[in-house]
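The numbering of the sequence shown is the numbering used here, which starts it at 1 and goes up by one.
FYI, nobody ran anything at the bench for these hints, they're computed from the structure.
Every value quoted in this text rests on a predicted model; they were computed, and no experiment measured them.
One or more of the hints may lead you astray.
Pair ranges (Cβ atoms, derived) [to be verified]:
{"no.": "1", "residue 1": "Ser-738", "residue 2": "Thr-761", "range": "24 to 30 Å"}
{"no.": "2", "residue 1": "Gln-170", "residue 2": "Ile-79", "range": "36 to 42 Å"}
{"no.": "3", "residue 1": "Val-954", "residue 2": "Ser-402", "range": "55 to 61 Å"}
Just so it is clear, CB atoms sit at the ideal spot from N, CA and C, and this is done for glycine as well.
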Amino acid sequence: MKNWLFNRFRLVVGIVVLVILTSVVSVAWKLITIKTKPTKLEAPAMAEKKTIAPKKRIDPVLVLPENEWVDSTLKSLSIEQKIGQLFMVATFSNRDEAHYRYIDRLINEFHIGGLIFFQGGPLGQAQLTNRYQSISNIPLFIGIDGEWGLGMRLDSTISFPKQMVLGSIQDDELVYRMGSDIAKQCARLGIHINFAPVSDINSNPANPVIGIRSFGEDRENVTRKAIAYMKGLQHNRVIATAKHFPGHGDTDADSHFTLPVLGHSAEQMKETDLYPYRHMIADSLMGVLSGHLYIPALDNTPNLASSLSEKVITGLLRKDLGFRGLVFTDAMNMKGVLKTGRAAEVNLKALVAGNDVLLYPESIAETVAKIKDAINQRIISEKIIDDKVKRILQAKYWAGLSRYKPVDTTNLYTDLNNESSKELYRELCEASVTVVKNDNGILPIGSVTDLKMASVSMGEGSSSSFQRMLSIYKPTRSFTFYDGPSSQEQITEMLGYLESYNTVVVDVHGISSNPRRNYGITTGMTDFVGQLKQQGKKVILCLFGTPYSIQYFPETDALICASQDGRDQQEIVPQIIFGALESQGRLPVSVLGYKSGSGVSTKSVNRIAFGTPESVGMDGLMLKKIDQIATAAVDDRVFPGCEVLVARRGKIIYEKQFGGLNYRTAERVTPETIYDLASLTKVSATLQAIMLLYDRQQIDLDAKASIYLPELSGTSKQNFTVRDLLLHRSGMISFYPSLWERTKTSAGGLLPEYYSSKADTSYYLQVAPKLFAKGALRDSVWKWVVQSPMNNRKERAGYGYLYSDLGFLTLQKIVEKVTGQPLDIFVSSNIYEPLGLSYLGFNPLRRFSEKQIAPTEQDYRFRGQLLQGTVHDQMAAVVGGVSGHAGLFGTARDLAVLFQMNLWKGNYGGTKFYQAATVPLFSRVYDESHHRGLGWDKTPLDGNSSYVSAQASVNSFGHTGFTGTMVWVDPEEDLVFVFLSNRVNPDPENTNITTQRTRRKIQDVVYSSLIERKSEVH
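Construct the complete structure from the given sequences, taking the supplied hints into account.
Structure, rendered in structure tokens:
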């Protein structure tokens, strides 16, 4: 019996001990999770399902830490010093010394607890922060109202997208990263509090003060985004402040000028306006900003702002919602609160109501006196003051102010404008663009061959970045209305211009955030879009502004809302239209029958896009070393000018131009500068055609060339194969001066039987800008090629390697024989035009002004003039500029597209140009000793090259050109590298580009910028 009782006793004791231990562990775990920095988003609102399950009660968490520094500091303060901690005064870094001394005085005389900085610059603010902190006995709280980052208040800093733009984003992690980035920038500038995020649900489209500052109208979406932003700030030791409690989203007045009335019921407030605050408080929210609103359902005291209501601040916020952080008032200089009384009187009411910190207060001296009188009269107790000050000190301790260090101004601008922040901004913009409507899957546009497209811009004032980007993907006729059409006559005239186009893209800019003026949308704009649609055009409407503007436009085939206007948005939307980028955005509000959350996802169709180095794993700062190399090369007269383009993972991430078109004038290189590509013709035209015919089984690589060209039979050229030609093992000589020398007189002049200074029906082959050859010369040249001697590298198994221009001239003839078309026509219609290439082609003077073309040699020996727009190579010139080895002209962008298609194994823009195995088949190594593929140049095994980086992979391939050009593709690193110059201007004997290894040095930088490689090295 005793044993039984003893065992029962032990069991009971064990259960009690287990319960106690469980409780202790639970409490300890809560404290650990509160006081340590989480590694990922952990709030209920940030769960994977991205919805928040309604709960009857959500328990808040303790957010302010206990600490010895807090207690000892509080005990050391006089009553005046305690009262001073309750003030957070507005200051500016772009004022005069009188203002700065005024702040000095407030710190010295009234012991104010903090400052909120407004307009100015980062360096000035940093210097003033150090000045003010140095004279304050207790470190000052420094705050900023930076809803979209420091750029909201300070020049020379980054502005992120506004919150309604962020409301369109589906990936909340991006918003968290933005909050984190803003926090790091704040910390770098000595800022401890950001008065963000706006946590109001903008359920009233006519709201004049919140609007685009809100994440939207859906409570779940607003809550997720607000928590993500909050966590991003607080995980990096910057206090987040949710505003404007208890909810400013359904107001039609601006509290800066009056006291808005919110007529929601208590139940409606709970289910809508308070919803984000409840979840944020239950997570880890450290700050709340109380709004100046009149809400009868919460406190029906006539004209009493909720920020002054004890029922709202102490009752609802503190007791009902359990908020244990800092409560800040909205700015106490706003008319919405000052209409109820004098500044000092209103300030005291705010403290009595339960606010901890008076933000932007007026009448400091009078308010201090008023508070002291109120303590003496027991209107407010010193215990309540102590509680407020303790919370302030706890927050200061959490923010690191117990170990205060001055702001280091070294490299401040660079640190605040880092490349990763710019990349994040771009990511946010890309993720926010919303395709609202996409009838019949018009987006993304695939084939551009039969597309007749025009663009009409309204409200931009001049040609927009949007239109320029649009034309990169498809040459597009662009029109502009400065503000939008102001009359029916203007609309009718524009419709006439657009008559021959089947697709019209309309981009609308200048959209405001003011609902009372229809967001800047005019009747002329909407009438034009409506009449355009009535003409039967396919209309793609692109709105660069608030989604609320959608309601004013008629139905179109496709509707895209970018929610904000800027260069990034204007460059992103055309990429979505053409499928270079995907679209995943969703509307954050309901408008014109489209509910909040509406949107259509569009996919990529493998088109080259534009991005930042960081977006593809490259170091933008490292890439800037290219600028130094290229600039030095121009200064050293390696070439007059050049362009460098780098693309990785399908994005152009570096594209810069250096120097000019020549050494004599100030004409600068631009992205539209057209260069003589010289031997890049071999891989950009002839080889592309050969691969296409191989794919179509119209050419056998191991067949003799004489099968396709019977005129080779019975000659010294009857036995080499197509493969031999591609590998430069045909036995043909490198080049043949006799092709042009025999057209000259013995004295060096030009024979009139071949040339004329004027073009006519007989002399129509343009050899130079002012020189034309007889059409029959083309046949004569081919005859002379057939008769040309072979080289002396004959071996038992055949001819050895000798790089030959004549070999590719012969390949051109094979292409033309098989296709029945001239090479230039064939590659243009089958490759360049379907790719949407505007500039790549032969004989550019037929399509472009010579001013757009970089000049090459001042030719004294053959043509007697400057060559600008006609091919530099003599053999190509005498056949009229179209040859298999030279004659192609183009821009860096066009080449980037062509070789991106090759990198993607023949797929581009939804079109399959080659079978997947074709490019790899031609680009693999076939001759290791001479680093050759089939037509392609390859990396030397010993890494000893004057133009290719030793870091390029063995699978990489490309080519160079005599005029100073190069293109290189590296499948291992997903890289396309394009370098264009006119180093032969004015003298082709200038070999500095080779001796100084300029192209290799630049390519070395490209490989060194690969972040993955850098991490492997370190």
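Next on the checklist: Taking the earlier hints as the rules, which of them does this structure contradict?
Outcome noted: 2
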